[in-house]
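Here is how the chains run, residue by residue.
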Amino acid sequence: GENARAAEKVYRMKIQSLYPRGDLSMETLKIFSDAAAKYSDGRLKIKIFAEPEIVPGDQLFVATKQGVVDMLQGMGGMWGGMVPVGYVEFNLPLAFRISEASTFKEKARVIRDFYMNNGFMDILREEYAKQDMYLLDIHTYGPVPFVLSTKKMTTCEDLNGMKIKADGGNMAYHSGVGMQAVQISPSETYMALKLGTVDAAEWDVSAVTGMKWHEVAPYWVQGMECDHAIGHILVSMKKWDRLPDDVKAAMHKAAEDYWVATVDAYEKEIAAVEKLVEEGKVKVSVLDQECQDKYADVAHNMWDEMAQQDEASSKAISMIKKWRNVR
Amino acid sequence: MKKILEGISWILKRLGDICSLLILVIMGIVSYEVIARYGFNSPTSWAWLINKQLFGVFVMVAGGYALVHHAHIRIEILYQHFSPKIKVLISWLTFAAACCFLGALLWKSTSMGLESWESREVAMGIFKLPLYPLKLFMPVGTLLFLLGCVVMLLKKK
Amino acid sequence: MSIELITITLFTSLLVMLALGVPVTFSLGAVTIAFTYFLEGTDALFTVATTTYQQITSTTLMTIPLFLIMGNFLVKSGISERMFNGLNYWLSGVRGGLAIVSIGVCVALAMCGGFGPGILTMGLVAVPAMLKHNYSKNIALGSVMAGGVLGEIIPPAIIMIIFAFIGRISVGKLFFGGIVPGFVLACLYVSYIVISGIIRPESLPKSTGQVTWAMRFKALQEIFLPSMLVVLVLGSIFLGVATPTEAAGIGAAGAMVICALHKKLTWSVVRDSCSETLKITGMALWILIPATLFGVFYSSAGAQDMIMEVIESLEVSRWIVLICMQLILMIFGMFMDDYAVVTICAPIMLPIAKLLGFDPIWFSILFILNMQMAYLSPPFGWALIMMKGVAPPEVTTRDIWRSVPPFMLLQFLVMVAVMIFPKMATWLPNMVF
Ligand code: NA
Ligand code: NA
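One line per chain: the protein sequences are A, B and C, in this order.
Last residue of the first sequence: 1117 in this note's numbering, with the numbers rising by one and none dropped.
Last residue of the second sequence: 178 in this note's numbering, with the numbers rising by one and none dropped.
Last residue of the third sequence: 459 in this note's numbering, with the numbers rising by one and none dropped.
So that you can see chain A by itself, here it is in the shape it has in the complex (with noise of 0.2 Å):
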């Protein structure tokens, strides 16, 4: 009767990712997709759209909650005007920074277990359930912000004045050493390296596999990034609902294989970049301690100020404060 219908029934999704065609996610969220598939037999068929073929990636949240699509790619950062939490989920700078451990692999390994095991993902998921959505699961961009620039910079003296091309919250950590910090679309931020309308550029690694920034600014300055920066799958609360159990527990068994998928992914993007490094395509430019000392108190700042931004936040930062062994 009921229960032989709700095992028949197949559950058709719609996800639409927060980046355009051409992005890693397209390649990764197949992987999602057919392992969806898999897990429940057939039942759960996810269909995949790139941004912005539904919605305009800044919709992409609001649009999910008014079920034009199931559920979304995308990372927190983007939504902290609405989730304040957000932001430290995406990238709080120099949070997600681990000398403990050595590989990439290991580095994503510290970090998931650090947002699985210790009730850090309850805060999160509790926040964005009050949005109406459910956060499903997390996944990896790499290193971020992964800078550019067209100078050779290693001291905080180097940079002092600089412009660099920066988003969001990153604007105040290159600001807060003496970088000046520029909106500019990345779209217009080759040729703006190109003709120095700014000196150096941040995004995550695709800046130069994707967007080849390094033709125009070489160098990769290093020091001041995060060895991984967290992206999510939201699903519509509504629509979450709805499902079955054990379509609940497919969709989140193929969103951990998802979880691996980027960090396989990403790891072979870094490994491109290595290459570049060996040809001398791309310059490797590492700060010196003083500076990346300088980069570390802004942070710290940083996270302070966040922590005001409301209670989850608070909670959010005292916990990565006691992992990270800051004061």
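Calculated directly from the structure, the hints in this document are not laboratory data.
Misleading hints may appear alongside valid ones.
Heads up, simulated DSS-like pairs for lysine-lysine below, C-alpha to C-alpha not over 25 Å straight-line [unchecked claim]: (1) 820/A with 380/C; (2) 149/B with 920/A; (3) 149/B with 1105/A; (4) 855/A with 24/B; (5) 1065/A with 244/C.
Given the coordinates of chain A, assemble chains B and C with the ligands onto it according to the supplied hints.
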């Protein structure tokens, strides 16, 4: 009735005249940002954010303004040969089409506006500009645009 | 409903609405809303709000009113009329001189962004001047529209950046790939104007009155300041002072300053310029909003799957596949905004082209050349619509449509030439990088 129609036209035109000056504000802010960045090495964090909101208001007002000034384009290759009777029919069709499009926009932008208002949505980043005023203005501008369509229809008859 | 059936009914209903003379914005809007509602339900209608919000807060689109206010300041103050009279003195010996100058200015403006700057400013400023000097409408309108869309092939152009990202190829290489075809096109347009002048002198009259060198030199001061605007806009980009988007704002401010220097910055000039800018922006943006929505519906209905199937079903030579792709683009280009076509087609066609062993830079340039025709191809052509918005009222849609065939033919020929001689697109980028 006629007074109401004229009143709506008058509002659309005056509101447009005033809001049309926003483009000078946008121009000024862009110039300020460029000079501040290039001349004084101190770029702003607010220039583009504010400009986007101003541009939003500009466009929302522009729809109705273009309408009452007959600036919305139609392909008149066949239309110009139609008899006045058929032209009246077309103006009804136009009205129906406008209601369909703008009605949907009015409905959905209202829920978007309310949602933004409920979460007091602000811009991401360091300059936390409230985003709900523009989102709340969207249905207002759409409604004015739609009222403009009523005026144009009744004038035609 | 299958996607094939959706495609046919969707395009047909749009065609009928446009043909009946329903304003373009409402035709596009109503057709899209109706299809979205009946095929995807009320929740999906929310896309109308998200798409509108995105368009009205887009920094790229903000350049439309900025370039319009720049042009309008020159027009409403009478400066542009005097400038073109002066130019006509200098070019009195050359048939079609003003049209050639317009192409030249369009090429310069092409270097500050997409197709908008050329058509918007030259449509406002140069078209009335050419008509006043009795140029044929075909040349006056066609040269500005064709010149304006050069903005998409002469770098920089947003469309190239989209391709670069999708294809994971270098933006720099793509930029350089557009230069040769772009300048070849510009030269062909100029040649066409010169040849028309020879074949049909009445379409491009020489100026009649006696022109002395004294008059010419006196006219220089009318020409000098406005032409500095082009220098200001381009200079601010290439000296790294401003991004192309910001340069539009700098240009607008420059036009205002020029009005002041000519002592023409009166309240009525300011008011009329702003009012005209608001009207045309309203016209343009309220077409762009439903046009984007149209693309959103079409891709969420499965347009990409359909194209994929069509292409995969072709078990023929890769050249036939290539030509079929170009045909699909031409058909889409008649009904859709270029941005919608790119969003839908580029992500599937570019990987296929790569798979077939075609050079991705070459393929992207071909695609963009095809989109140039889309701007000019009726019934839905962006350049046609923008021109109707900025041209003097006596210019009808029919006049505009009639002016495009020769220029579209040249675009088509260059596209075929690039197809046959890939070096036209790949030689320069490979040499530079
Ligand atoms: Na261009
Ligand atoms: Na077209």
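The hints, checked one at a time:
1. 820/A with 380/C: holds, 20 Å
2. 149/B with 920/A: It holds: about 21 Å lies between the C-alpha atoms, which stays within 25 Å.
3. 149/B with 1105/A: Answer holds: residue 149/B to residue 1105/A is near 22 Å, not above 25 Å.
4. 855/A with 24/B: Roughly 43 Å separates the two Cα atoms, so the pair is violated.
5. 1065/A with 244/C: violated, 63 Å
Against the hints set out earlier in the document, violations occur for numbers 4 and 5.
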